[in-house]
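Student: Sequence:
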Amino acid sequence: MIPVSGPHRPPLDDASLDALFRAARTHNSFKPEPVSETTIRALFELVKMGPTSANGLPGRFVFITSEAGKAKLAPALSSNNREKTLKAPVVAIVAHDMRWLDNLPRFFPHVDAKSWFEGNQASIEETAFRNGTLMGGYLIMAARSLGLDCGPMSGFDKAKVDEAFFEGTTFRTNFLVNLGYGDGEKMFERLPRPDFDEFCRIA
Numbered sequence: 001m002i003p004v005s006g007p008h009r010p011p012l013d014d015a016s017l018d019a020l021f022r023a024a025r026t027h028n029s030f031k032p033e034p035v036s037e038t039t040i041r042a043l044f045e046l047v048k049m050g051p052t053s054a055n056g057l058p059g060r061f062v063f064i065t066s067e068a069g070k071a072k073l074a075p076a077l078s079s080n081n082r083e084k085t086l087k088a089p090v091v092a093i094v095a096h097d098m099r100w101l102d103n104l105p106r107f108f109p110h111v112d113a114k115s116w117f118e119g120n121q122a123s124i125e126e127t128a129f130r131n132g133t134l135m136g137g138y139l140i141m142a143a144r145s146l147g148l149d150c151g152p153m154s155g156f157d158k159a160k161v162d163e164a165f166f167e168g169t170t171f172r173t174n175f176l177v178n179l180g181y182g183d184g185e186k187m188f189e190r191l192p193r194p195d196f197d198e199f200c201r202i203a
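Residues in the sequence shown are numbered consecutively from 1, following the numbering used here.
A few of these clues could be false.
[Unchecked claim] Restraint ranges, calculated between C-beta atoms of paired labels, are given here:
| id | residue 1 | residue 2 | range |
| --- | --- | --- | --- |
| 1 | Val-111 | Arg-190 | 23 to 31 angstroms |
| 2 | Ala-68 | Ala-15 | 37 to 45 angstroms |
| 3 | Ser-66 | Val-111 | 39 to 47 angstroms |
| 4 | Asp-112 | Leu-146 | 32 to 40 angstroms |
| 5 | Ser-78 | Phe-199 | 27 to 35 angstroms |
| 6 | Ser-154 | Glu-125 | 31 to 39 angstroms |
| 7 | Lys-114 | Asp-195 | 22 to 30 angstroms |
| 8 | Pro-51 | Glu-118 | 20 to 28 angstroms |
| 9 | Leu-146 | Pro-32 | 16 to 24 angstroms |
[What the hints assert, rightly or not] Derived lysine-lysine pairs resembling BS3-like cross-links, with alpha carbons at most 30 angstroms apart:
| id | residue 1 | residue 2 |
| --- | --- | --- |
| 10 | Lys-160 | Lys-31 |
| 11 | Lys-72 | Lys-186 |
| 12 | Lys-160 | Lys-48 |
| 13 | Lys-87 | Lys-48 |
| 14 | Lys-70 | Lys-48 |
| 15 | Lys-31 | Lys-114 |
| 16 | Lys-31 | Lys-70 |
| 17 | Lys-158 | Lys-31 |
| 18 | Lys-87 | Lys-158 |
| 19 | Lys-160 | Lys-186 |
| 20 | Lys-186 | Lys-70 |
| 21 | Lys-114 | Lys-186 |
| 22 | Lys-70 | Lys-158 |
The hints are simulated quantities; they were obtained by calculation from the structure and are not laboratory data. C-beta: ideal position from N, C-alpha, C; glycine also.
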C-alpha cells in the first residue's frame, strides 16, 4: 500500500498534474450535459478532507441545479456574468458559517478549541473567511479531479445572494463557481503567469 504521507509517497503523474493545474482552464461555457447528484456528493466527500484551522470546516455550499434555484440567483448576478451562469449545469455558492466554532466539540474533540475563539469576533470572522475560502479552493481542485470544469467568479451582489439563500442563518456568501463539462467555445487565451523568482524567494 502506498503511504498517504511521508517521504516515500510518489508525486502525481504528469496527466494528473495537467488535469489539476497545467492544462486546466477557467471555463465560461459548458456543454448542455447535467452533473449528477452522485458526482456533486462525491465532490464534497473530497472537499471535506482538506485542512482547515482546528478542523473547523466553516465552508458551506449550495449547489444550484434547478431552474427555480437559478431564478433566485439571477437578480444578484452582474450583467456580464448572468448568461453564462444561468446556462451552467451547476452553480456552487461558496459560503462560510460565522458560527463554525459551534462544531468544534465534534470536529476537534480532544481539546476545548471553541474557547480559543469564543468572545473574539474578529478572530471568528477572519478564521471563517480564510478557511471557507480554502474550502472553495479545494472545491475547484476536487471538481477537476472528478472530470468537471470550473468557472469561479465574483461579479455578483453578495447581499442579494445571502438574502435569497441564507436568510435567517449565520452563513455568508464568498464566491461562486460554475461547474459542468466545458465546451471551450468562449474560453480566453491562457493569460500570463510569473516565473518563480519574480513572486517567490527561499529564505
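Student: Does each hint hold? Answer for all of them.
Tutor: A quick look at each hint next to the structure:
1. Val-111 to Arg-190: 23 to 31 angstroms: Given about 46 angstroms between the Cβ atoms, the range is violated.
2. Ala-68 to Ala-15: 37 to 45 angstroms: 39 angstroms Cβ-Cβ, so the 37 to 45 angstroms window holds.
3. Ser-66 to Val-111: 39 to 47 angstroms: Hint holds: Cβ distance 42 angstroms, inside 39 to 47 angstroms.
4. Asp-112 to Leu-146: 32 to 40 angstroms: Cβ of Asp-112 to Cβ of Leu-146: about 37 angstroms, so the range 32 to 40 angstroms holds.
5. Ser-78 to Phe-199: 27 to 35 angstroms: holds (29 angstroms)
6. Ser-154 to Glu-125: 31 to 39 angstroms: Given a distance of about 19 angstroms, which is not inside 31 to 39 angstroms, the answer is violated.
7. Lys-114 to Asp-195: 22 to 30 angstroms: Check failed, 44 angstroms falls outside 22 to 30 angstroms.
8. Pro-51 to Glu-118: 20 to 28 angstroms: holds (22 angstroms)
9. Leu-146 to Pro-32: 16 to 24 angstroms: holds (19 angstroms)
10. Lys-160 to Lys-31: holds (28 angstroms)
11. Lys-72 to Lys-186: With Cα atoms ~25 angstroms apart, Lys-72 and Lys-186 stay inside 30 angstroms; holds.
12. Lys-160 to Lys-48: holds (27 angstroms)
13. Lys-87 to Lys-48: holds (27 angstroms)
14. Lys-70 to Lys-48: Given pair Lys-70, Lys-48 holds - Cα atoms ~25 angstroms apart, limit 30 angstroms.
15. Lys-31 to Lys-114: violated (45 angstroms)
16. Lys-31 to Lys-70: With Cα atoms ~17 angstroms apart, Lys-31 and Lys-70 stay inside 30 angstroms; holds.
17. Lys-158 to Lys-31: holds (27 angstroms)
18. Lys-87 to Lys-158: holds (20 angstroms)
19. Lys-160 to Lys-186: holds (27 angstroms)
20. Lys-186 to Lys-70: holds (21 angstroms)
21. Lys-114 to Lys-186: violated (46 angstroms)
22. Lys-70 to Lys-158: Holds, at about 15 angstroms.
Violated hints, in rising order: 1, 6, 7, 15 and 21; the structure is consistent with all others.
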